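Listed below, chain by chain, are the residues.
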Amino acid sequence: MDDLYRLTIGEAHQLLKRKQLSSVELTKACLKRLAQAEEKVHACITVCGEMAMRQAAEADKAIGSGKAKPLTGIPTIIKDNMCTRGIKTTCASRILENFVPPYNATVVEKLNAAGVVVLGKANMDEFAMGSSTENSAFFPTRNPWDLDRVPGGSSGGSAVAVAADEAVYTLGSDTGGSIRQPAGFCSVVGMKPTYGRVSRFGLVAFASSLDQIGPITKTVTDCALVMNVISGHDPRDSTSVPNPVPDYTKSLIPDLKKLRIGIPKEYLVEGMQPEVRVIMQAAIAKLEELGAEVDWNVSLPHTKYALAAYYILAPSEASANLARYDGVKYGFSYRDTSNMWEAMEKTKQFGFGAEVKRRIMLGTYALSAGYYDAYYLKAQKVRTLIKQEFDHAFEKYDALVTPTSPTVPFKLGERVDDPVQMYLSDICTLPTNIAGIPGISVPAGFVDGLPVGMQILGKHFDEATLLRIAFAYEQATDWRKKRPPM
Amino acid sequence: MKLTREEVKHIALLARLGMSEAEVEKFMVQLSNILENFEVLKQVDTSGLPPTAQTVALQNVFRADGPQPSYPVEDVMANAPQREGDFFKIRPVLE
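Heads up: the protein sequence lines correspond to chains H and D, in order.
Position 84 of the first sequence, counted from 1, bears residue number 86 in my numbering, the numbering being contiguous throughout.
Position 43 of the second sequence, counted from 1, bears residue number 1497 in my numbering, the numbering being contiguous throughout.
Rather than coming from a laboratory, the hints here were simulated on the basis of the structure.
Keep in mind that the hints are not guaranteed to be accurate.
What the hints assert, rightly or not - From chain D, some residues computed to sit far from chain H (all C-beta separations above 10 angstroms): (1) 1477; (2) 1521; (3) 1538; (4) 1539.
Stated by the list, open to error - Heads up, simulated BS3-like pairs for lysine-lysine below, C-alpha to C-alpha not over 27 angstroms straight-line: (5) H/306 - D/1463; (6) H/389 - D/1496; (7) D/1463 - H/348; (8) D/1496 - H/267; (9) H/413 - D/1480; (10) H/90 - D/1543.
Here the structure is a predicted model, which is why all the values come from computation and not from measurement.
Where a beta carbon is used, it is the ideal one built from N, C-alpha and C, also for glycine.
One chain only, chain H, in its complex shape:
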């Protein structure tokens, strides 16, 4: 087999377990593919081939002694905002360009315990702020379906690494759509779990009440397999929830009988690309065919306030979280002055990129004396309304279905100088983070060769139902078999 890099987790695991394939062979194949693909897509900030080969050899030993777990020996790439001991973790920022964490994020520890192989760290928008991966301080990542277009963001590198078969699966993080929107733009599967489902320890904080880590995979089955490993309570993250973690592969049932699915009309928004609407209608009809009871007439009227609320809440939390980059203990440090305040101000001025500065400014303003009530407190109250509206909808429906993004991937440079336009690309995904509920994006078709994603939203801690719907839809369609033209 010369296209080993195309394997899914499920397929690779079977071959590894039966000794028809070694992790060393699989890792070599992925590293070779990665080297070729990187020339075009630039999905990785760091590649750690030698370490990967050592991990692969160890995984082969474990498999040889009968200890093959579902992820053992399978190559992955991790978004560069999750701490990896001994491997640079840059957040795609000049300010952390040379930062080597002294510890691992909990998700990385969990993957290590499962025997994974880490090929490298994925490019992203700086500090996960952005929707196109153009805000990386180092280079933009390109969409393998059309190299002139963005892969989405902020987890653009993670989504592209999977779409271009560089890694079998990756991890991303999602604060307002940063896993789902790039997964939709690259025709792969991406899940944002419920807030509290996956530990955030070691995830560099952007907006702490919204951030969540999740998998990006080639199939829904693979998504369930990664969720099984990364989910669960962590004493080091006091917001992680001590609920039991089900075996998510048990929810992969290919029919949707008796499931009630609502279609919120506010998500088929004005200004939405008409072809995306057509694709969504076909996808929803397919869910009906599979046995779901679909209500096309659901209304979540506060959706239209989510964008404004989000762009007050997220930057406010970010402005507090990013105050730590003062050049004292780690990171870029401006030294060409004897004045402490000037050192701090210049460290941030030269260390942060434009979007990060914009959000620090917005957040600082929204939290400042005289404006706190009008902006931050108001946004938190609107958050209450949006959450209540979802809670209410989920009394009646098992899941809600929407497009992942209102358009297909846009061109590089098209929205860079227009923050308001750029923020609109997250309009379908950010209400989810405001409410803390889980969401998944699955491939739903193409417009002139450009991917469209379908988003499925569910109740708190009901990832199982989302996986069931996504799985049934995936099995009934052929979208996942299409590969990007590279």
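Following the hints, position chain D against chain H.
Coordinates of chain D only, in the frame set by chain H:
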């Protein structure tokens, strides 16, 4: 909501974020545009509603306050921009 040059500079000072004149100029326009989009929230009646700070039903999460091993000093100091022995070296705070 139009931000003045002085307001932009004041916010930058609160954030201890250094800024060139060109950046001040750019943020005056961009932040004003974004703030204008926030005006829509004024339409929402939120009277009597509590604010939501986070979405999980957890409150007051405690752990045992016992001694635990710390990271080795060398690991912690490894990223220091400037050090003197086991200390981080910074600019004088008191002049």
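Each hint tested on the structure:
no., hint, in the structure
1, 1477, "7 angstroms, violated"
2, 1521, "15 angstroms, holds"
3, 1538, "13 angstroms, holds"
4, 1539, "15 angstroms, holds"
5, H/306 - D/1463, "32 angstroms, violated"
6, H/389 - D/1496, "18 angstroms, holds"
7, D/1463 - H/348, "14 angstroms, holds"
8, D/1496 - H/267, "23 angstroms, holds"
9, H/413 - D/1480, "23 angstroms, holds"
10, H/90 - D/1543, "23 angstroms, holds"
Consistency note: the structure conflicts with the earlier hints numbered 1 and 5.
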